[in-house]
Every structure is written in structure tokens, then in C-alpha cells.
Amino acid sequence: GAVVSQHPSWVICKSGTSVKIECRSLDFQATTMFWYRQFPKQSLMLMATSNEGSKATYEQGVEKDKFLINHASLTLSTLTVTSAHPEDSSFYICSARGEDSAGNTIYFGEGSWLTVV
Amino acid sequence: GESVGLHLPTLSVQEGDNSIINCAYSNSASDYFIWYKQESGKGPQFIIDIRSNMDKRQGQRVTVLLNKTVKHLSLQIAATQPGDSAVYFCAENRGGSYIPTFGRGTSLIVHP
Chain C
103 GAVVSQHPSW VICKSGTSVK IECRSLDFQA TTMFWYRQFP KQSLMLMATS
153 NEGSKATYEQ GVEKDKFLIN HASLTLSTLT VTSAHPEDSS FYICSARGED
203 SAGNTIYFGE GSWLTVV
Chain H
96 GESVGLHLPT LSVQEGDNSI INCAYSNSAS DYFIWYKQES GKGPQFIIDI
146 RSNMDKRQGQ RVTVLLNKTV KHLSLQIAAT QPGDSAVYFC AENRGGSYIP
196 TFGRGTSLIV HP
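Residue numbers (the working numbering), protein chains in the order written: chain C, 103 to 219; chain H, 96 to 207.
Take the hints with a grain of salt, since some may be wrong.
Simulated crosslink set (EDC-like; lysine to aspartate or glutamate; CA at most 20 Å straight-line) [as the list claims (entries may be wrong)]:
1) C:Lys168 x C:Glu189
2) H:Lys137 x C:Asp190
3) C:Lys166 x C:Glu124
4) C:Lys166 x C:Glu154
5) C:Lys166 x C:Glu189
6) H:Lys137 x C:Glu212
7) C:Lys143 x H:Glu134
8) C:Lys143 x H:Asp179
9) H:Lys163 x H:Glu134
10) H:Lys132 x C:Glu212
11) C:Lys143 x C:Asp190
12) H:Lys137 x C:Glu124
13) C:Lys116 x C:Glu212
14) C:Lys143 x C:Asp129
15) C:Lys122 x C:Glu165
16) H:Lys166 x H:Asp179
17) H:Lys166 x H:Asp144
18) C:Lys143 x C:Glu189
So the derived label-pair ranges between C-beta atoms look like this [claimed, not checked]:
19) C:Lys143 x H:Ala174: 19 to 29 Å
20) C:Lys143 x H:Val165: 19 to 29 Å
21) C:Lys122 x H:Val165: 16 to 26 Å
22) C:Ser156 x H:Asp150: 32 to 42 Å
Keep in mind the hints are simulated off the structure, nothing from the lab.
Where a beta carbon is used, it is the ideal one built from N, C-alpha and C, also for glycine.
Produce the entire structure from the sequences given, and follow the hints as far as they go.
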């Protein structure tokens, strides 16, 4: 089946630095990718919707200058957390929409743990 | 039994029992619903989906029931196994936009 890969699976960075997380659709083209954030024992919160070749659509309350999203190709979207702070430590999950007969199947990546120290 | 914790409600069952996980959704315009299973430290896995023109859909050991009148969704797992222990989320698509919006989640604990 379709696979969505995230890299890195976990990363530790120093406060004030930037870190990039990649989301790749391995065997299908994804015109739309979604980025979620999840704190321990809480639900997934949608951060932004990323469309290939255009600017991402951010959810209310998500700082677009802090969470930079780039969707340069049909198989790759990146999330860059800029000037990271300890409160940005979280589990970041991407998903990609595949174009199957239903046109709306969503595949999730395995997530990326970010720890800011 | 079922309890509500600080963040995630928890459902504890014995192996072999049937489990019922409930979800209330918010948007009456949502037309597509999905149940996901999330194991610790991993991304969500698709379990089963249902469209708003249906009341019930069955899969392997799982059944989803949809009550649009009260905006309620349930996931029934038959003969629950220890491997079913995980957090279960319902998600609704925003009125045709196919953007999954996740509900609160329920932690299922299966005791052998």
C-alpha cells in the first residue's frame, strides 16, 4: 500500500536553532499534504494544509513565520521550525492525500519527535 | 469500565470482550468520517471509514455506526485482543474538503 515517510523520526535541537522535517510520499503523488502537531495524550491538531506549488494554508493560531512549510514537488513537503523553543517540543505528523478512485484517501507518516533543549 | 482522564478518556476491557468506542462530532456538514488507531509513538493507522449516507459499515472485527441525528459515531471492536490496545481517534472531513479533523481520542487498554 501507499507509504508516507517522515525524516527524521526524532531530533533534538538547541533552543534558537531551526530544524527541518521532511515528509515524502513514496509510491504516489500527493498534491496535498497536511501537517499535524500532537502533544502527549492529546489529539492531533492540524497546523497547515500544504498544496504542491502554492503557499500553505495555516490554521488559526499557527504562526506561519515560525512553522515554514514548503511543498516543492508532488512527493515532498517540508516543515521547518524556526528559532525553536522548548515549547515547540512535540510530535509532528504529516499526511498525504493520494489520488485513488475515491480521490480522498489519506495516508499518515510515522511522525517525528522534536525535542528542543 | 470507562473513565475520563485529564486529557484522554480510557476504556479498559478484558481480552475477548467486545469494545465500543464513542465519538461526538461537531460539524453537521461533515460527510465523511474515519476511525484511526494510533499506537504509542507512531502515526495514525486507518481502520474504517463511513460516508454520511450510511448508518453502518462493517470491516474485519470492526463496525462503525453513524447517527447523524445526534452527531455521534461509534467503533465496535469484536473479540478485542491485546494488540488492539492503542488510542483511537475519530476524524471528520470538513464538508467535502477532505481535511481530516481529529476528535479527542480514547485510550483502549486490553487486559489479557
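So, going through the hints one by one against the coordinates:
1. Simply put, lysine 168 of chain C and glutamate 189 of chain C have alpha-carbon atoms about 13 Å apart, close enough for the 20 Å limit, and the pair holds.
2. Restraint check: the Cα-Cα separation between lysine 137 of chain H and aspartate 190 of chain C comes to about 19 Å, which is no more than 20 Å; the hinted pair holds.
3. Restraint check for lysine 166 of chain C and glutamate 124 of chain C: satisfied, since their Cα atoms lie roughly 17 Å apart, inside the 20 Å limit.
4. For the suggested pair lysine 166 of chain C and glutamate 154 of chain C, the alpha carbons sit about 17 Å apart, so the restraint of at most 20 Å is met.
5. For the hint pairing lysine 166 of chain C with glutamate 189 of chain C, the CA-to-CA distance comes to about 16 Å; that is within 20 Å, so the pair holds.
6. The straight-line distance between the Cα atoms of lysine 137 of chain H and glutamate 212 of chain C is roughly 5 Å, inside the 20 Å bound, and the hint therefore holds.
7. A threshold of 20 Å between alpha carbons decides the hint, and for lysine 143 of chain C with glutamate 134 of chain H the separation of about 11 Å falls inside it, so the pair holds.
8. Between lysine 143 of chain C and aspartate 179 of chain H the CA atoms are separated by roughly 17 Å; this keeps the pair inside 20 Å, and the hint holds.
9. Taking the CA atoms of lysine 163 of chain H and glutamate 134 of chain H, the gap is near 29 Å; set against the 20 Å cutoff, the hint is violated.
10. Proposed proximity of lysine 132 of chain H and glutamate 212 of chain C is supported: the alpha carbons are some 12 Å apart, at most 20 Å.
11. With a C-alpha separation of about 16 Å, the suggested pair lysine 143 of chain C and aspartate 190 of chain C falls inside the 20 Å cut-off, and the hint holds.
12. At roughly 16 Å between alpha-carbon atoms, lysine 137 of chain H and glutamate 124 of chain C fall within 20 Å of each other, so this suggested pair holds.
13. Restraint check for lysine 116 of chain C and glutamate 212 of chain C: the C-alpha separation of about 23 Å exceeds 20 Å, so the hint is violated.
14. The hinted pair formed by lysine 143 of chain C and aspartate 129 of chain C fails the criterion: a straight-line CA distance of about 31 Å is larger than 20 Å.
15. Distance hint between lysine 122 of chain C and glutamate 165 of chain C is fulfilled; the C-alpha atoms sit about 16 Å from each other, no more than 20 Å.
16. Between lysine 166 of chain H and aspartate 179 of chain H the CA atoms are separated by roughly 25 Å; this puts the pair beyond 20 Å, and the hint is violated.
17. For a cut-off of 20 Å, the pair hint linking lysine 166 of chain H to aspartate 144 of chain H stands: about 15 Å separates their Cα positions.
18. At most 20 Å may separate the alpha-carbon atoms for a hinted pair to count; lysine 143 of chain C and glutamate 189 of chain C meet this at roughly 16 Å.
19. Lysine 143 of chain C and alanine 174 of chain H have their C-beta atoms about 27 Å apart, which keeps the hinted 19 to 29 Å range intact.
20. Separation of lysine 143 of chain C from valine 165 of chain H is about 27 Å and conforms to the stated range, judged on CB atoms against 19 to 29 Å.
21. Range check, lysine 122 of chain C to valine 165 of chain H: Cβ separation about 44 Å, and the 16 to 26 Å hint is violated.
22. Taking the beta carbon of each, serine 156 of chain C and aspartate 150 of chain H are about 38 Å apart, inside 32 to 42 Å as hinted.
Violation of the numbered hints given earlier is confined to hints 9, 13, 14, 16 and 21; the remaining hints are satisfied by the structure.
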